[in-house]
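**Student:** Position chain B against the provided structure of chain A, taking the given hints into account.
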Amino acid sequence: MKRLTMNQVAAASLKANKKAYFSLAIGIFLAVYLCTAAVLGAYGTIQANQQKIIDRVGYIDGFFLNSASVSDETVRSSGWFARVGKVFVTAQIDKTGQYVGYYDEEALSLMPRTCVEGRMPENPGEIAMEETALAQLRLDIGVGDQVTCTMQPVEGLPEERTYTLVGVLADQSPYMESYGSMLTDHGTPEWPNALVYPQDAPFQTGDPAVHRVVTYATLVTYSRFTNSDAYEAWGYNFIAISRSTGQATWYDPALEDLEKYAGQSMIWWIMGGALLLTCGIGISSAMESMLAQKTEEIGMLRAVGATRRQIRRLFGRDGWLLCLIALPIGMGLGIVTVWVISRFAEGTILFRLNGWLLLPVAALSALCVLLSSRLPLKRASRQTPMGVLRDTGTLRKAKRFQSKKQFRATRLIASRQTRLHPLRQAGASVMVALTLLLTAIELDGFLYQSDYQPAYDFYIQPINGHYTMITLDSMHFANQAAKENVLTEQDLQQIRAIEKVQSVTVETSATILLELNEEEVPQYLRDYYTEERLVPGLRNGDVASLHYSFHNAVMPFIFTDSLAYLLEDTPDQVTDLTDEYRAWNAKAFQEMRAAQKGYGVTGKLIPLTIEVVDVNGPSFQQGIVDGRINIAALDAGQEVLVYAPSLGYWETVEHGETVGNVAGADFGEYHPDARLKGMAVNDYFKAGQSLSLLQALTEPDNGLMERGSAPYTQAELEDLEQSYRSIHTDAASVLVGAVLESAPLGSNGLCLITTEKGLRALGFAPTQPTYIRITLTGEVDQTTEEAIQRRLETIASRAGMEVKNRMANARENARRQRQTEIVFLGVIILFFAVAVSMQVSNAGRRIRADQRMIGTLRAVGADEKALMGCYRLPMLVTTAAGLLLALCLFILMGTAAYHYFLASHHLILMLPLMILTAALCALCCLIGVKARLRQLLNKSVVENIREL
Amino acid sequence: MEALRCESLTKTYQGGGVPVHALRDVSLSFAQGSFTAVTGKSGSGKSTLLHLLSGLDRPTSGSVIYQEHDLARYNDNQLSVLRRRRFGFVFQSYNLVRELTARENILLPVMLDGRKPDEGHLNRIIEVLGIGDRLSHLPGAMSGGQQQRVCIARALANKPAILFADEPTGNLDGKTGREVLTLMRTVSQELGITMILVTHDLGVAEQAERIIRLEDGQVADDSGEGEDSITASGGNFIESEISRNKRSPQCGVAPIETAGVIP
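So the protein sequences, as listed, match chains A and B. Residue 3 is where the first sequence starts when you use the numbering used here, and the numbers rise one by one after that. Residue 1276 is where the second sequence starts when you use the numbering used here, and the numbers rise one by one after that.
A couple of the hints might just be wrong.
[What the hints assert, rightly or not] Reference listing, derived: stretches of chain A covered by chain B, where coverage requires no fewer than 3 residues with Cβ under 8 Å from a Cβ of chain B:
hint, segment
1, 409-419
2, 857-867
3, 941-947
[To be verified] To give an idea of the chain A side of the interface with chain B (calculated C-beta under 10 Å), a few residues:
hint, residue
4, GLN404
5, SER405
6, LYS406
7, LEU422
8, ARG854
If you're looking for bench data, these hints aren't it; they were derived computationally from the structure. Built from N, CA and C at the ideal position, the CB exists for glycine as well.
So here's chain A without its partners, still in its complex pose (with noise of 0.2 Å):
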């Protein structure tokens, strides 16, 4: 006789029990699909964003800078490195901080350039420049123009070259540049960000700088290689390049990189997580429905001497075998899902089949098939022949049921199903809720979309540079360009005159120094800033603190050696200082000292900052609290306003002994366990009060005024001696125009106000980036809009600064808005026709298993309508519990989360929109139910009853 197989044995039992195995079949396929698509999309979305670090930065894990005294042999031979390419820098154009240079083939491949308009270098003579190059070099010339420019060579004599520009490349050399890398270190040229062809005639004088870029060799890491000898050996110049945000790094990307990476792909994760957690218990239900449906068969193979691991086996082999059958058809689909998806989200979504990414899929599959299939197998293994015969099960479970003297029979009959299989519909549940939390964050962006109307339509701002502002001990320096960069009053003419031009505003802001004459502090400064907490060891209130709490406050980074300014005596005493800051620190100070007196400044001097902005308005007058505004006097540079809050020191019990210096009272409203400590009022400043001001600016910048270190060699000394005396001082006497107590000024602290006229006025320079915002009045049409940015274009052009058009920007994110909602749109009818045949399906299951009891109750005389209202209860229940979920996890995203996930503020139309939508999934599903029902209810009640 042939033997027969359990696999066998469950292939046939698939066979005659298609419609059973059929809901099973779907849950493991949903599963596998689910899998392949949420990790296929995953990838696929790290991929897109790795595709523009590649459009950026190429290939490279890291570059060497200047590394031109290490040779080509010692580093390919290192074994640290699979590729290697060299990036020569031959010259500085016109001093203005841009580099000429070229690229090796090597680090060509390495670090594609794209070209926006025109081509690379391919004859001596000819340049192609970033576009940003183009615009710092205020080059008004296009592809086939020539221009003449004085190089300086890196370590030579200055040339005159003529090149002809053959292309505009896309940026860069931008991402190379990382704080610390390229302008502490003196000597060292930036990146090229004009490229000529490597044959071009070499300069007379001087070699050019090399920049090395490389790949790791297998297994190499950025904390592997700079723990190596090498690493010391080559001067530590070795820069990573991070391969999740296209940024050079002076640190391990590793760690933040994968940051970003699940950052990237989380939506995929978290949807396909909560999907595949609703499968399994799918399948697990499905599970639990079918063995439901063999109890009898499971009860009498284990009255005729079947095993618990044999029942387990046998039942749990069907699992396996949809599951062989489902693999290949739920991956093709999840497959051709993402690449559709990445068809439409193009840029966002990356289609990358990888073939090695299909080997975790199939296994996250099977075991997602195990772990729901577990549970359902196990209780059904562990029945006994006389558990099965007594339903003892059913029996433990209704010990809790009150027998009714009256009811609606098939409510009951409902509810005591519901009762006795609470997570029956669990899966389903789930899905509903999803779907509805979907729905409403796709309403969400639809509103923030509509709602969504930009505060300005252009602006102007800096490219880079120019407004470097510099610190040395107590002195703020900006950088004497910024002066000559500032936008004239002719230029906001030309703007205003624009046609369609509503209104120009200017915001920016400078860092000057009060100078106080008297001899003590007064007492709000002190208490303003001072604080134990700010530098342990110091006392309240004496002058160390108090000037560490002012450069808190003003510089984020602060230098022991910059608080010499309000001492008497040397720095000696304020810290404990390394010898050779010390020796530094004494010199800077002489320095500072002999400066001071060389201006007339006797008093001691504060840093504050002076902020341009847009005082009219409602907001700026309702924080006066002493005098007045006056825009004709703040105009004219004779008055100025104060901004100084009131400042609460809390304690907090979580922070321990953390105080937070919140302004006024709000900090203890939200932190009700908070102790007040003190308070730093205003009793200083007043309306008419006379402030003498003080700036200093240098000539341009040489690095070493604003550099951390000390300098170490007597040339550098000289530089910086240098530097002193070229610097350059404009004092102004002004007086408070009104005070204020609070002030639409973002985080900013105490600071002084005034109008862009009247920091021009007052004679200083801005020392942060200059924005002008300009509003346009009525439609544009794009003929309109297209002059009016060619017009700024050629204004900002003067200045350095780049024009940002905010329609534009917000045409093309709508655009991009749209193509998601589309995707999106796709997975709410996803989810919504999965939530709807899940519950449809497990209605099916509970009707065929169901189906005696139907005959039954056919016989004793319920209608079509009666025995609806079985199946309609569970089905209200899950949809019911499904919304109350959605509900729960949307006020959860609401108050922790808001931000991430919603962004308009209508949540209260959020509300009805979930409630239809799982009132319309209730509707479909009783129709599908009832389509079922049909099936059975068109046999007659005796092949009911017989059928099982």
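**Tutor:** What follows is chain B alone, placed relative to chain A:
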């Protein structure tokens, strides 16, 4: 007076491609209040006949006439109303709803009809059937005999005009079987219920006023043949239900319109 009749009743099952003739051209008539036992060997068509007569199944051909109306022309909802108000059925395998207690199972037809139960009537049935102490138990917690009694109580709860019983005493011991049968007869006689019982137990069959023996789907022997030349009652089920609703609206009888219009 005729309670029910069937004419040329035929039922053929298509089992595995081979037609199985369960009933062949059976014509019978049952008098109001009569007690008929249908006997025969296994597979003779007893249960099939009962199912067709009670409207639980539809014949391949022929007709079942109740109050001069062919059941074949009733739609499913009309048949449901008929079953819960006029017919009672005792299943051989009980067919109790396992989520409901014994009491709730008994009350099912009454509750489905939206009526208030006749407590006196129910108590009596329960007392006679001896299931008073099992009313709050689920079917799974009862023995086969107890479940059978609950099934009988359910069939009698709505005071049916016709009681169909498929081997009602098959799972009961001899003494209990006789008691149950006596009760069924007593209640039937009191309420004028027509009782049609299928049994292979000749002892049970002998208690019937009329015995019909089936063989190969055909009537082999009918002890009441010729006696029941039934005349139509002239009553219409639907009409009588309407008048019953009018008489006792407090009973909460569902409006008969729910059954639809009977042609």
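**Student:** Now look at each hint and say whether the structure bears it out.
**Tutor:** Cross-check of the supplied hints:
{"no.": "1", "hint": "409-419", "verdict": "holds (count 8)"}
{"no.": "2", "hint": "857-867", "verdict": "holds (count 11)"}
{"no.": "3", "hint": "941-947", "verdict": "holds (count 5)"}
{"no.": "4", "hint": "GLN404", "verdict": "8 Å, holds"}
{"no.": "5", "hint": "SER405", "verdict": "4 Å, holds"}
{"no.": "6", "hint": "LYS406", "verdict": "6 Å, holds"}
{"no.": "7", "hint": "LEU422", "verdict": "7 Å, holds"}
{"no.": "8", "hint": "ARG854", "verdict": "7 Å, holds"}
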